[in-house]
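In case you want the letters, here they are:
There are 2 protein chains.
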Amino acid sequence: MKNAMDELIEKIKKLDNPTVIGLDPRYDMIPECIRKKYDETIEGACLAILEFNKALIDATYDIIPAVKPQIAFYEMFGIEGMKVFKETCDYAKKKGMCVIIDAKRGDIGSTAEGYSNAFIGKTPLGDKKESIFDADFVTVNPYLGSDGIKPFIKDCIEYGKGIFIILKTSNPSSGELQNVITENGEEIYKHMAKLINDWGKDLIGENGYSSVSVVVGATHPRELEELRELMPNAFFLIPGYGAQGGKAEDIALGFDKEGIGGIINASRSLMCAYKKYNEFEEKDYAMATRREAIRMRDELNSAIKNK
Amino acid sequence: MKNAMDELIEKIKKLDNPTVIGLDPRYDMIPECIRKKYDETIEGACLAILEFNKALIDATYDIIPAVKPQIAFYEMFGIEGMKVFKETCDYAKKKGMCVIIDAKRGDIGSTAEGYSNAFIGKTPLGDKKESIFDADFVTVNPYLGSDGIKPFIKDCIEYGKGIFIILKTSNPSSGELQNVITENGEEIYKHMAKLINDWGKDLIGENGYSSVSVVVGATHPRELEELRELMPNAFFLIPGYGAQGGKAEDIALGFDKEGIGGIINASRSLMCAYKKYNEFEEKDYAMATRREAIRMRDELNSAIKNK
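In the order they appear, the protein sequences are chains A and B. The opening residue of the first sequence carries number 1 in my numbering; numbering runs sequentially from there. The opening residue of the second sequence carries number 1 in my numbering; numbering runs sequentially from there.
There could be a bad hint or two in this list.
It does not matter which identical chain is meant; a pair holds if it fits inside one copy or across any two.
Taking lysine-lysine and the DSS-like style, the derived pairs with C-alpha atoms no more than 25 angstroms apart in a straight line are [unchecked claim]:
no., residue 1, residue 2
1, K201, K11
2, K305, K275
3, K247, K95
4, K128, K37
5, K129, K83
6, K86, K122
7, K86, K129
8, K129, K37
9, K83, K128
10, K94, K247
11, K36, K128
12, K122, K36
13, K36, K129
14, K2, K247
15, K94, K276
16, K94, K122
17, K83, K122
18, K194, K122
19, K275, K154
20, K94, K275
21, K154, K54
22, K94, K305
23, K37, K122
24, K275, K257
Calculated directly from the structure, the hints in this document are not laboratory data. It should be emphasised that the depicted structure is a prediction, and the values quoted were computed from it without experimental measurement.
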């Protein structure tokens, strides 16, 4: 059986690019030239989002190894939004990109199984099983402990998929729970890191990283460095670069000596690159995204390789 | 502006029933007499689920104040499943039931806003705003701290809705994080309880309970009692009764002197009541559910009022 993390790492190495494009399309960030083609209705907004997403995938699939659609931005448009979500995932996969669904689902037992079926496993139906969103990875929330994680791990093993468990997030209030000090004198996120090491220990691939890995924000460089040491087999999905303030040299601390160890997400800075580069007209938004993707790749590679 | 928790409590008082029916339909638990009407495909399964859900709502809406669809069981059927989810929410609302969407969403900033738009708020579209799933309550995960909660609270205020934040869950592994002892000698769930008290303090209604309340499992009676004391303004959504082992007299510990303070969920024991009562044929599954709903109501009321 293939190991999802090995496949992701091979894609990253092949394109020499440790980044992922986050597709979190807010209606008001879509270029006017797309929006004006459609009605300002739920259906129209969803058509605009789909056109935007496909154009961004077309402009980056040969240089960016993975795509991370944030499902909240599609759920907020209801059924029509979920159709676009599914089409976006399918389109990215068809173009050869690794699909990481950012859903941060967290529940227990048969409910966690349901989520896992939806995103990385298959839904049983009598004697058959049906693929639903069929991503390579999904993000998962650990608040309920191992009961909420094991159904996903079962599907990681059965279908060669992976999960990223949110561990230390990039937002200002992340410390309200994650940095509470335990009676053993360690932060909660370190306590969780040890649990996650254990959950992922049977899914370590040829590259030394587990298909059960973690989300660690770019906005906490010291913690990124500590976690790299504490979790040598965990691959890091790293949000918070760019718009949220995470710097390339800080992020480099999460990588190993071979320059491997994480994949860095950017959403807004890539999707809205057309607002940053004066030399592109709005209608050339996809070329602006490609330009920004190359700049981001080069900046991060330089920081990671020279650390 | 109405207070969502006051409305729920008024419904509970009117029907003299502190319970909620969880609609977590697994295909294999649907009566054969429904399943055989439809193809064994995603579409067929979804039609069977919808027929089952509507029949259970028809059989209980005049005795049970609220319905709690668990979204995972619909997401696992993809787009078709989400259509049935929406139709189930709408049908329950039309019948006058309070709709609590069990989604346990947890994210930050504009992503949390997206989820909140979907479930209790509205989705902005130019100058307009569109309702999507439009429930009365949604369950939320607190792992990311207040950044993940505040967008929901904003919609609770703006639209008169509510949230239940998962605090102490009913599953065996819940203690792996929730019962870790902090350096102050208290369990993590008590640390979280204090944060949640603060988040909910501006939404306390006439009945003394906040529209920002919590999920506390029935399987931890001592903790339920402690939390009732620590969180006098938090209403408890209580899973774990019946199938998971929570007993009526334990659950009563979560209620105040007036017999108010929580709503108890049952999913499997209500949905599959037709397997328990020999006097009902399978085709009379909805009457069996009604019978079990009355038994559950009476057992819980007796325990709560005699504690």
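- Message: Treating 25 angstroms as the Cα threshold, decide for K94 and K275: within, between, both or neither.
- Response: For K94 and K275, neither the intra-copy (29 angstroms) nor the inter-copy (45 angstroms) Cα distance is at most 25 angstroms.
- Task: Give the relationship of K94 and K305 under a CA distance limit of 25 angstroms: within one copy only, between copies only, both, or neither.
- Result: neither (31 angstroms within a copy, 60 angstroms between copies)
- Query: Is the C-alpha distance from K122 to K36 at most 25 angstroms within one copy, between copies, in both cases, or in neither?
  - Reply: Cα proximity of K122 and K36: across copies only (22 angstroms, versus 38 angstroms in one copy).
- Between copies, within a copy, both or neither: which fits K36 and K129 at Cα up to 25 angstroms? For K36 and K129, the Cα distance is within 25 angstroms only across copies (18 angstroms; inside one copy 41 angstroms).
- Checking K83 and K128: alpha-carbon separation at most 25 angstroms within a copy, between copies, both or neither? Result: close both inside a copy and across copies, 23 angstroms intra and 22 angstroms inter.
- Query: Is it within, between, both, or neither for K154 and K54, if the alpha carbons may be no more than 25 angstroms apart?
  - Reply: neither (32 angstroms within a copy, 33 angstroms between copies)
- Please work out whether the CA atoms of K129 and K37 approach to 25 angstroms or closer within one copy, between two copies, in both situations, or in neither? between (39 angstroms within a copy, 20 angstroms between copies)
- Have a look at K94 and K247 and pick one of within, between, both or neither, based on CA distance no larger than 25 angstroms. neither (32 angstroms within a copy, 51 angstroms between copies)
- Message: As a check of your reading, is K201 near K11 (CA-CA no more than 25 angstroms) within one copy, between copies, both or neither?
- Response: within (22 angstroms within a copy, 49 angstroms between copies)
- Item | Alpha-carbon proximity between K86 and K122, which holds within one copy, between copies, both or neither at 25 angstroms | Classified as both; 15 angstroms inside a copy, 22 angstroms across copies.
- Is it within, between, both or neither when you check K247 against K95 at 25 angstroms Cα-Cα? neither (30 angstroms within a copy, 53 angstroms between copies)
- Task: Check K86 against K129 for me: Cα-Cα at most 25 angstroms, and say if that holds within a copy, between copies, both or neither.
- Result: The answer is both: 18 angstroms in one copy and 24 angstroms across copies each meet 25 angstroms.
Hints 2, 3, 10, 14, 15, 18, 19, 20, 21, 22 and 24, counting from the list given before, are not met by this structure.
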